[in-house]
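From first to last, the protein sequence lines stand for chains H and X.
Just so you know, the first sequence maps onto residues 1 to 262 in my numbering.
Just so you know, the second sequence maps onto residues 1 to 208 in my numbering.
Rather than coming from a laboratory, the hints here were simulated on the basis of the structure.
Do not rely on the hints blindly, as some may be mistaken.
Claimed, not checked - Chain X side only, calculated, beta carbon under 8 Å to chain H, not exhaustive:
#1 Ala102
#2 Gln107
#3 Arg112
#4 Gly115
#5 Gly117
#6 Arg124
#7 Pro136
Stated by the list, open to error - DEER-style ranges, computed between Cβ atoms:
#8 Phe119(X) <-> Phe158(H): 26 to 36 Å
#9 Asn140(X) <-> Ala219(H): 49 to 59 Å
#10 Pro131(H) <-> Phe119(X): 42 to 52 Å
#11 Ser160(H) <-> Pro136(X): 28 to 38 Å
#12 Arg145(H) <-> Ser42(X): 52 to 62 Å
#13 Gln93(H) <-> Arg205(X): 34 to 44 Å
#14 Arg145(H) <-> Arg30(X): 38 to 48 Å
#15 Thr38(X) <-> Ala219(H): 52 to 62 Å
For every residue, glycine included, the Cβ atom is placed at its ideal position computed from N, Cα and C.
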Amino acid sequence: MSESEGNASTEAIHAEQIHKRFGALEVLKGVNLSARKGDVVAIIGGSGSGKSTFLRCLNCLDHPTSGSLRINGEEVRFKPDGHGDLAPASRQQIRQLRSRLAMVFQNFNLWQHRTLLENMIEAPVHVLGVPRKQAIEEGKRLLDRVGLNDKHDAYPAFLSGGQQQRAAIARALAVDPLAMLFDEPTSALDPELVGEVLKVIQSLADEGRTMILVTHEMAFARDVATRVVFFHNGVVEEEGPPSEFFSNPQSERLQKFLSNFN
Amino acid sequence: MFIAFGAFALGLVIGMFGAVGKLYGGAVAREGLELYTTIVRSVPELVLILIVYFAGADLINAVIGLFGQDPIEINGALAGIWVLGFVQGAYSTEVIRGAILAVPQGQIEAARAYGMGSFLTLRRVTLPAMLPYAIPGLSNLWLIAMKDTALLAVLGFGELTQITRQAAGATKSYFTFFLAAGCLYLIASLVSNFLARRLERRARRGIA
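Kindly produce the complete structure, drawing on both the sequences and the hints.
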């Protein structure tokens, strides 16, 4: 009893038997994954292995076909969505969960018609109901933190990819997230801009943020993750702490996958 | 001009709901709107104006009759706004629908990912983000609305073209009066273009 209570208070994300089917194609074939608070879980795997889809199922941007999901100890309630998948049963609940599961996208997806600072305060003010003044203070602080001191009033399209992604990370921080979901945050960046974004993510890991990170940056996953998960064909093929995972991969597929990066 | 503005505004409102209904509505809403835009856009404006005006007046009087009231005379300007607005709405629907489709999907997805509901997403993200794509089409519609008011002459409204004809007929100086009327339309269009450009620049502020 005391153990399960202990689990509930330290557990951030718990996904069980997540299946996702797009038409005839089964992308996820029963994925189990959980993260405790403070965990940095790096998900790696080839393209089409289902890692991004899984991430998008965690905040129901994609509706899972079946499975169960617990965020911060709260069970996500589902109902059939009429297309063979599960839709969140309560809009209220899913909005609330989404607002605290901050997502960072591959293509940044900053709102183009708003300045960086306006991007920062959008969700806090309009979704979470934070007073505007307070949100602005916090937004400025976060932009400064990711090194965009002089860009508060710039529009996203006039910034480099690295700057946009750093702003997107600041936007994610602005909702005071329970956990952050990174969907290949550096894949759309020019190589020379990757470092500045990884540095920001590293600093978040150092302060104990809970993160799920889909990435192709093996060296970074090794450095920053507390646990690495290898997706293959819609299932978790192997997982472990980075030290063992990279130096002593068990499955043949993971060995083969990692050999591409050496 | 007042009629044109009213009609355009009404058209915008119809267009906004129409576009959203067409994109996100249920099957019934979609089919209904499809029917509306197809029919309205394929029938000549003049014919539509006559149909909507006379059929509309009949309908209103029939409804009023049910409540035992005497038939009423329909206010010319108001009727003009309704009739032209109804026509404009169909075109607006298509312009706005296209503009919404031009908004990068990721913008809307980000709104959902941060917990915005569908109405909030529409108000805070989709509609402002589609503006830069809609303004060229909408400013066209405004110009058309302005000139279509001339068609209302068939209903006997005293708007610019109608009055010009009367004045020209009375004085026999056709050239002077029609040239003057043409100039007025031209000036109104030029001013509109100027405003539309400024509006577009503002809407495009975030686009590199």
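Status of each hint after checking the structure:
For Ala102(X), the suggested interface contact is broken, since its CB lies about 12 Å from the closest CB of chain H, more than 8 Å. Hint on Gln107(X) holds. Least Cβ distance to chain H is approximately 6 Å, under the 8 Å limit. Nearest Cβ of chain H to the Cβ of Arg112(X): about 6 Å, under the 8 Å cut. The hint holds. Hint status for Gly115(X) relative to chain H: holds, with the closest Cβ pair at about 3 Å, below 8 Å.
Hint status for Gly117(X): holds, given a least beta-carbon distance of 6 Å to chain H, under 8 Å. For Arg124(X), the shortest C-beta to C-beta distance to chain H is roughly 6 Å, which falls under 8 Å, so the interface hint holds. Because the smallest distance between the Cβ of Pro136(X) and any Cβ of chain H comes to about 17 Å, over 8 Å, the interface hint for this residue is violated. The supplied range of 26 to 36 Å is met by Phe119(X) and Phe158(H), whose beta-carbon atoms lie about 30 Å from each other.
Between Asn140(X) and Ala219(H) the C-beta distance comes to about 54 Å, which sits within the given range of 49 to 59 Å. Take Pro131(H) and Phe119(X): their Cβ atoms lie about 22 Å apart, and the range 42 to 52 Å is violated. Take Ser160(H) and Pro136(X): their Cβ atoms lie about 29 Å apart, and the range 28 to 38 Å holds. Between Arg145(H) and Ser42(X) the beta carbon distance is about 57 Å. The supplied range of 52 to 62 Å therefore holds.
Between Gln93(H) and Arg205(X) the Cβ separation comes to about 36 Å, which falls inside the hinted range of 34 to 44 Å. Hint check: Arg145(H) to Arg30(X), Cβ distance near 46 Å, so the stated range 38 to 48 Å holds. Remark: the range hint 52 to 62 Å for Thr38(X) to Ala219(H) is upheld by a beta-carbon distance near 58 Å.
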